[in-house]
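Peer 1: The lines below spell out each chain.
Protein chains: 2
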Amino acid sequence: MKYELYYWPTIQGRGEYVRLALEEAGSSYRDIARESGRGRGVPALLSMMRTRRVARPPFAPPYLKAGRLIIGQTANILAFLGPRHGLAPREEGGRLWVHQLQLTLSDFVGEIHDTHHPISPDLYYREQEKEALRRTAEILKRRAPKYLGYFEDVMARNGRHARYLVGARLSYVDLSMFQVVAGLGFAFPRAAAKWTRRYKRLYALHAQVQERPRIAAYLASPRRIAFNNDGVFRQYPELDLAGG
Amino acid sequence: MKYELYYWPTIQGRGEYVRLALEEAGSSYRDIARESGRGRGVPALLSMMRTRRVARPPFAPPYLKAGRLIIGQTANILAFLGPRHGLAPREEGGRLWVHQLQLTLSDFVGEIHDTHHPISPDLYYREQEKEALRRTAEILKRRAPKYLGYFEDVMARNGRHARYLVGARLSYVDLSMFQVVAGLGFAFPRAAAKWTRRYKRLYALHAQVQERPRIAAYLASPRRIAFNNDGVFRQYPELDLAGG
Chain A
1 MKYELYYWPT IQGRGEYVRL ALEEAGSSYR DIARESGRGR GVPALLSMMR
51 TRRVARPPFA PPYLKAGRLI IGQTANILAF LGPRHGLAPR EEGGRLWVHQ
101 LQLTLSDFVG EIHDTHHPIS PDLYYREQEK EALRRTAEIL KRRAPKYLGY
151 FEDVMARNGR HARYLVGARL SYVDLSMFQV VAGLGFAFPR AAAKWTRRYK
201 RLYALHAQVQ ERPRIAAYLA SPRRIAFNND GVFRQYPELD LAGG
Chain B
1 MKYELYYWPT IQGRGEYVRL ALEEAGSSYR DIARESGRGR GVPALLSMMR
51 TRRVARPPFA PPYLKAGRLI IGQTANILAF LGPRHGLAPR EEGGRLWVHQ
101 LQLTLSDFVG EIHDTHHPIS PDLYYREQEK EALRRTAEIL KRRAPKYLGY
151 FEDVMARNGR HARYLVGARL SYVDLSMFQV VAGLGFAFPR AAAKWTRRYK
201 RLYALHAQVQ ERPRIAAYLA SPRRIAFNND GVFRQYPELD LAGG
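From first to last, the protein sequence lines are chains A and B.
Going by our numbering, the first residue of the first sequence is number 1, and it counts up by one from there.
Going by our numbering, the first residue of the second sequence is number 1, and it counts up by one from there.
Certain hints may be false.
Note that identical chains are pooled: a pair holds if it fits in a single copy or bridges any two copies.
Stated by the list, open to error - Restricting the straight-line Cα-Cα distance to at most 20 Å, the calculated cross-link-like pairs of lysine to aspartate or glutamate (EDC-like) are:
| id | residue 1 | residue 2 |
| --- | --- | --- |
| 1 | Lys141 | Asp153 |
| 2 | Lys2 | Glu92 |
| 3 | Lys2 | Glu35 |
| 4 | Lys65 | Glu92 |
| 5 | Lys141 | Asp122 |
| 6 | Lys146 | Asp122 |
| 7 | Lys141 | Glu127 |
| 8 | Lys65 | Glu91 |
| 9 | Lys2 | Asp153 |
| 10 | Lys65 | Glu152 |
| 11 | Lys141 | Asp107 |
| 12 | Lys141 | Glu238 |
| 13 | Lys65 | Asp31 |
| 14 | Lys130 | Asp240 |
| 15 | Lys200 | Glu152 |
| 16 | Lys130 | Asp230 |
| 17 | Lys200 | Asp153 |
In short, the hints are calculated from the structure, not lab data.
Please put together the full structure from these sequences, using the hints given.
Peer 2: Next up, the structure:
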């Protein structure tokens, strides 16, 4: 099936978790808002959320068009793609567990996003910088170690398969974890330098995913948007310093 | 199957979305942390997240024990229960759509929670009251209307079935929407008085769910914990006033 991904064209954001899964699957997909012309670009992205012709409009990007289905919410898209492309276990218990980990990672990403937007996504960073400093200190000191420690422990419990989060094969949540580790390194290089030594399994997973042939090819291609300060992970040195 | 729900015993919180689904399904379940004795209570709740005997420990409550499965993350639990108990469509497109709406509602609940905890869940409200006032003003003026308007529109698009969010039958996301509408009325009575007139379909859904026999019986029973200021929805009059 040829997929159509709809996401903001200039950031990795939440769309990146979907892009990584599509790339690792070797899927044929179009990144609609990054193309130009009729039925493409940001107007196409917005139109699908507003038109009366769509019975089930998504609340926000990313969303994926797969045949007649329009699927929204990052973790929901991954739950759809996973079993179709060998990126999730086939049996129910395994599928639920991968999805549960993905939702926990989504919660972490939401908290990371709010480091620079603790008051509202509708205000600029500079309008909430004071609150952002306070929130980021809490995230870096308490919340991030809680999440990272949890995922490190999940890997350890995976026993002899401890190279992956779940079972003996790569799943979509490994790809998402790669992205989070990469993002933390971009946004909080000072804090991340400590984490590299502390969460060895997660950082080994990051290194391993990065070297998979399809992911390596993707990262080197123009399809990979660079980290920048419009996405979820943003580089404000004053926030990194707030971690103490 | 006899289910075991694990959630904090003194609040509705995120466990309430699971409780409502189990009650409407007429399921036999035990609310483990509200019982006392060996293998029950809060110690049992915490133990399952920490013991080495569990291969796949949840990050946080609520979680559901169903036979040998331990399922965490509210929306994941509902996605598991829904098709088993007639609370979600059977075909894939419908199941994905209900889950997508549930995840969007989870995002909204996360933002509501952060009205009183914009800096950290690890600090008391009084330690972040100033930031809470500012965040709540944004939520009440912009974010809540955006979410509520979206769900009202989803109901309208459901056409002649506009009594429900999805299709011609009640699904778990209708139960969750009931809970959110009830919670907003508790936390923000002033703001909610306006919303009652504006989001007529959502408030009609709330009234309708409340009168379903099993839900009505549940709400009147001691199994329903009352709203209180330790949960997600909290009554701080100064925050309600922040909505202007």
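Peer 1: Does each hint fit the structure? Answer for all of them.
Peer 2: Hints versus structure:
no. : hint            : verdict
1   : Lys141 / Asp153 : within (18 Å within a copy, 41 Å between copies)
2   : Lys2 / Glu92    : between (26 Å within a copy, 18 Å between copies)
3   : Lys2 / Glu35    : within (16 Å within a copy, 52 Å between copies)
4   : Lys65 / Glu92   : between (24 Å within a copy, 14 Å between copies)
5   : Lys141 / Asp122 : between (26 Å within a copy, 11 Å between copies)
6   : Lys146 / Asp122 : between (28 Å within a copy, 12 Å between copies)
7   : Lys141 / Glu127 : between (24 Å within a copy, 17 Å between copies)
8   : Lys65 / Glu91   : between (25 Å within a copy, 17 Å between copies)
9   : Lys2 / Asp153   : neither (37 Å within a copy, 30 Å between copies)
10  : Lys65 / Glu152  : neither (34 Å within a copy, 23 Å between copies)
11  : Lys141 / Asp107 : within (17 Å within a copy, 24 Å between copies)
12  : Lys141 / Glu238 : within (15 Å within a copy, 30 Å between copies)
13  : Lys65 / Asp31   : within (11 Å within a copy, 40 Å between copies)
14  : Lys130 / Asp240 : within (14 Å within a copy, 23 Å between copies)
15  : Lys200 / Glu152 : within (8 Å within a copy, 47 Å between copies)
16  : Lys130 / Asp230 : within (19 Å within a copy, 27 Å between copies)
17  : Lys200 / Asp153 : within (11 Å within a copy, 47 Å between copies)
When each numbered hint is compared with the structure, violations occur for hints 9 and 10.
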